[in-house]
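Going line by line, the protein sequences match chains E and S. So that you can map any letter, position 58 of the first sequence is 58 in our numbering, and since no number is skipped, the others follow by simple counting. So that you can map any letter, position 129 of the second sequence is 129 in our numbering, and since no number is skipped, the others follow by simple counting.
Hints are not guaranteed to be accurate.
Derived coverage of chain S by chain E (criterion: at least 3 residues anywhere in the stretch with Cβ under 8 Å from a Cβ of chain E; other residues may be distant) [as the list claims (entries may be wrong)]: (1) 97-104; (2) 112-118.
Not everything, but these chain S residues come out facing chain E in the computed CB check (under 10 Å) [said to hold, decoys possible]: (3) Leu87; (4) Asn88; (5) Arg92; (6) Asn94; (7) Phe107; (8) Lys138.
Just so you have them, the derived chain S footprint on chain E, three or more residues with Cβ under 8 Å [what the hints assert, rightly or not]: (9) 141-149; (10) 192-206.
These are computed hints drawn from the structure, not numbers from a lab. Quick reminder that beta carbons are idealized off the backbone N, C-alpha and C, glycines included.
If you want the building blocks of each chain, they are given just below.
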Amino acid sequence: MIPSRRAFLMGAAALSAAVATPEMTRAAAALNAVAELKADWALATRDVAADAPRHALRLIHGRAPSGLEGVLYRNGPGRFRRPGGSATHWFDGDGLMRAFRIQDGQATLEARFADTPKRRTETELDAVVTPGFGTRGDARARVGSNDDANAANTGIMPAGDRVWALWEGGSPLAMDAADLSTQAFVTLRSDLKGMPFQAHPRRGPDGSIWNVGAAGDRAVIWRLNPDGGLNQAEVLRLPRASYMHDFTATDRHLILVMQPWLFETQTTPIINGLVWRPEAGTHVMVLDKDDLSRRRIYELPGFFHFHLGDAWAEADGTIRFDVAAGEDPRFAVDGARVLVEGQGTVPGDPATLALITLRPDGRAEMTRSNAVGEFPQSDPRRRGLKRRLTIHTGGETRGRPLPTGLALQDWETGRSEGFTFGRHQVVEEVLFAPKPGATAERDAWLIGPSINLDAGRTELHVFDAARIADGPVVSWAADFALPAGFHGAWVG
Amino acid sequence: MKFSALILSAAVAALAAAPAFAADLTVVFPDAAAEGRIMVAVFDSAEAYQAGRPVKAAQLDAAAGETRITFDDLPDGDYAVRAFHDLNADARMNTNPFGMPTEPFAFSNNAVGNMGPASWDRARFPAAGSVEQTITLK
Numbered sequence: 001m002i003p004s005r006r007a008f009l010m011g012a013a014a015l016s017a018a019v020a021t022p023e024m025t026r027a028a029a030a031l032n033a034v035a036e037l038k039a040d041w042a043l044a045t046r047d048v049a050a051d052a053p054r055h056a057l058r059l060i061h062g063r064a065p066s067g068l069e070g071v072l073y074r075n076g077p078g079r080f081r082r083p084g085g086s087a088t089h090w091f092d093g094d095g096l097m098r099a100f101r102i103q104d105g106q107a108t109l110e111a112r113f114a115d116t117p118k119r120r121t122e123t124e125l126d127a128v129v130t131p132g133f134g135t136r137g138d139a140r141a142r143v144g145s146n147d148d149a150n151a152a153n154t155g156i157m158p159a160g161d162r163v164w165a166l167w168e169g170g171s172p173l174a175m176d177a178a179d180l181s182t183q184a185f186v187t188l189r190s191d192l193k194g195m196p197f198q199a200h201p202r203r204g205p206d207g208s209i210w211n212v213g214a215a216g217d218r219a220v221i222w223r224l225n226p227d228g229g230l231n232q233a234e235v236l237r238l239p240r241a242s243y244m245h246d247f248t249a250t251d252r253h254l255i256l257v258m259q260p261w262l263f264e265t266q267t268t269p270i271i272n273g274l275v276w277r278p279e280a281g282t283h284v285m286v287l288d289k290d291d292l293s294r295r296r297i298y299e300l301p302g303f304f305h306f307h308l309g310d311a312w313a314e315a316d317g318t319i320r321f322d323v324a325a326g327e328d329p330r331f332a333v334d335g336a337r338v339l340v341e342g343q344g345t346v347p348g349d350p351a352t353l354a355l356i357t358l359r360p361d362g363r364a365e366m367t368r369s370n371a372v373g374e375f376p377q378s379d380p381r382r383r384g385l386k387r388r389l390t391i392h393t394g395g396e397t398r399g400r401p402l403p404t405g406l407a408l409q410d411w412e413t414g415r416s417e418g419f420t421f422g423r424h425q426v427v428e429e430v431l432f433a434p435k436p437g438a439t440a441e442r443d444a445w446l447i448g449p450s451i452n453l454d455a456g457r458t459e460l461h462v463f464d465a466a467r468i469a470d471g472p473v474v475s476w477a478a479d480f481a482l483p484a485g486f487h488g489a490w491v492g
Numbered sequence: 001m002k003f004s005a006l007i008l009s010a011a012v013a014a015l016a017a018a019p020a021f022a023a024d025l026t027v028v029f030p031d032a033a034a035e036g037r038i039m040v041a042v043f044d045s046a047e048a049y050q051a052g053r054p055v056k057a058a059q060l061d062a063a064a065g066e067t068r069i070t071f072d073d074l075p076d077g078d079y080a081v082r083a084f085h086d087l088n089a090d091a092r093m094n095t096n097p098f099g100m101p102t103e104p105f106a107f108s109n110n111a112v113g114n115m116g117p118a119s120w121d122r123a124r125f126p127a128a129g130s131v132e133q134t135i136t137l138k
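In isolation and in its complexed conformation, chain E is listed as follows (with noise of 0.2 Å):
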């Protein structure tokens, strides 16, 4: 019995080696990877199979506030493993748009894929195979634009009856922000058509949308109009060719933070072309927003960020914004390909905020905080205008990936109060939603979801800014998960 079973089991182990290709190992590992979710927040990167429609979301703490009515959409990754190929990269899931609505004390949840020909050809190959940010892809990619490439998995930018999934390498792509389902990618003028249109568009305070489009050292840079439409599209040469997820915004100006993170090699997936060079230091480039040929660079030591906070000009000229700042990429390149592992050890440090400070004499200072935080998001009413608070999530420790809470900064007084649910929640990140009526920084409610790992659910909680340290006003569960998103839109 035993030769021969030993033969069989020989046998077989040739067979799949002949059969079996790595990346196939790879994909099957992954899936036992989650399986067995290895990884207490393994279920932060799960697959989703299919568009889950409108339900009811269950009341499980306190109770809604009376004015809190609108749509918290939130975009992310959703899909990351196929049998025959998967990605390795956080950011290189298929967009999974999600939408939380809030009405008459209750709330419902929604979530549906972005169909993009990326995600087509990977359902009918059943396979991924698209390079991506950092997953590399293979020979049976379709991708004759960059659009073909586009996951629309990274945020989200209401538009009229319209939310627009963004990734950050090509348009927007058009969904219905009644159902979510997917009309079309966004041409904005018929020359312009497939030029990026970055996740993190910004409201200037007369409601102007501004956004920015890189490719090496170019990029460009968007105007729109309250509505989405265009306003004015113009072209730079960037004094270098960094990696660029963010830029921020006073009424003024547009801000440009360059780190030493530089396109050296064009190739795929993008981080093996992209060089770390914290020498050459991160150059912060300020543009005014009237007239984008008077500009000014300023120089800081060099740091690693994906996300600024929205900035302001004081009455001299001084320019402050805040600023996720990191030691290095190696979050980026290697923790998050163990998320989608499901398992391991995120190298480095968690990102703590500081404060970037440019003085009208060209110096720049960085003021860092003690406050681990990323998703700096601040008031939607002082867009570009002086504020204090900034709110974030919190509590990832070294090691682990993902948050575990929020705090709200206090740049004026240099306090950060905060709430910790703990290590059985994954907290995404949170957005101010004003309250009706009020206009103080600290009359606004706090909104964003989490993933609850004891119990396998979504959650969605609301913070009163006021009283943060309270934990949440009210909270309310789904039945299930959904795989952690990256950013959000509060339409109140």
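Please build the complex by placing chain S on the supplied structure of chain E, with the hints as guidance.
Only chain S this time, still in chain E's reference frame:
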């Protein structure tokens, strides 16, 4: 007598010029917008495809509703088609400031490339007798 000899010699000449078998390739663009013109190029080898040396080329007056063309009497063999929709009729494939095409284009088999134009291997198709390629310009 003289007349029929002429016909006969013409027929012989035609036979000599054309291979024993010939294909009629029809290319259709059913979804094309009624504007500008569609530029179509037919290639008969990987080398010609790579070098951009078409064996046949044509322009369709899409503005006038022309969305179909037949290339008669091609020798049997493998072919590939490239097409683009010159929406503004400036005879150029327009690009955005970063160099990406802004006018619709497509290849036979509706093939899509891998970080570039579709390869000959993806776009090639055998032509013998009457063949039709229905192409969606995107």
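Hints violated by the structure (listed by number, smallest first): 5
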